Amino acid sequence: MTFIFELLIAFFLVISGIFGFVGSFGMIKLKDPMSRLHAPTKATTLGVGGVLLASICHSVLLEGKLSLHELLITLFLFLTAPITALFIAKWHIHRHEKPDDLPDAGEDELWATHAVEQVEDVPDHSKT
Amino acid sequence: MIRLLRRIFPHPHLTFLLTVVWVLLANTGSLNSVVFGLLLGIIIPFITQPYWPDRPKLRNWPMIAEYMLIVLWDIVVANVTVAMIILFKRDADRKPCWISVPLELRTPEAITVLAGTITMTPGTVSSDLSAQGHCLLVHCLDAPDPDAVRDQIKQRYERRLKEIFE
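One line per chain: the protein sequences are A and B, in this order.
Take 1 as the starting number for the first sequence in my numbering and just add one per residue.
Take 1 as the starting number for the second sequence in my numbering and just add one per residue.
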């Protein structure tokens, strides 16, 4: 019986390893910055999720005590990962995209990053 | 009586959430950690109450459960799709694009949840909001048909969030 449990845990670990690898590999293979941003947000979901599932299974099935710590990691990850991604994306828009390159913003005409630039005239630090 | 309860528990959901998080952090189900978690769950909402001026009313709990299950399932499926794109698709064949999703949601909390969901489901990253918050800018890793992606976001996620928050 222990063998089946260990097999299950190993399965989750391998899954997470594969997705962690694919996420990192994507950082190298994809060429433009916005596409690169996709790779790390992906590795965090299934890659980390697999390790956490394996950890829960290990403590429940082999050590015989319930450990749900891991759910918290998922919770905090789901709170922080989108915010980091949004910051990087906004930085990219601020530096490299013109309002005309982006799709139509509907009734508001401008995306928030560009709208702020027009109002405040953000200083250009790229030359220094 | 109810008004007194309202004063002591201004934010019952937050009380519940804080207690659960504390018990999980302590990682023991002992009475000790439950009581201390409850204590935190009462004190923190009480102190931070002025910072929550108009909270959205959450109803439709079955829909919240359904939404979470759908998102979890989508994350697993889409992870595999993106892994296939990264590993086997030549970079020249990939069609990255921006799409603009017009929003029907108005409460900031609902838009935040939608943007977070879009980022966490692989293949799409929410990148910006329009100046007044009426549109969401989404970047797709590989979208041969951008309109289909937009319709899927609206159909699958936004419709359900609208029922949850508004």
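Because the hints were derived from the structure by calculation, they are not lab data.
Incorrect hints may have been included.
[Unchecked claim] Under the rule of at most 30 Å between Cα atoms (straight-line distance), these lysine-lysine pairs were calculated in the BS3-like manner:
hint : chain 1 : residue 1 : chain 2 : residue 2
1    : B       : Lys154    : A       : Lys98
2    : A       : Lys98     : B       : Lys57
3    : A       : Lys29     : A       : Lys98
4    : A       : Lys29     : B       : Lys95
5    : B       : Lys162    : A       : Lys29
6    : B       : Lys162    : A       : Lys31
7    : B       : Lys154    : A       : Lys90
8    : A       : Lys98     : B       : Lys89
9    : B       : Lys95     : A       : Lys90
10   : A       : Lys98     : B       : Lys95
11   : A       : Lys31     : B       : Lys95
None of the values given here were measured: they were computed from a predicted structure.
Status of each hint after checking the structure:
no.	hint	in the structure
1	B/Lys154 x A/Lys98	holds, 26 Å
2	A/Lys98 x B/Lys57	violated, 39 Å
3	A/Lys29 x A/Lys98	holds, 26 Å
4	A/Lys29 x B/Lys95	holds, 15 Å
5	B/Lys162 x A/Lys29	violated, 38 Å
6	B/Lys162 x A/Lys31	violated, 37 Å
7	B/Lys154 x A/Lys90	holds, 23 Å
8	A/Lys98 x B/Lys89	holds, 29 Å
9	B/Lys95 x A/Lys90	holds, 21 Å
10	A/Lys98 x B/Lys95	holds, 20 Å
11	A/Lys31 x B/Lys95	holds, 12 Å
Checked against the numbered hints above, the structure violates hints 2, 5 and 6; every other hint is satisfied.
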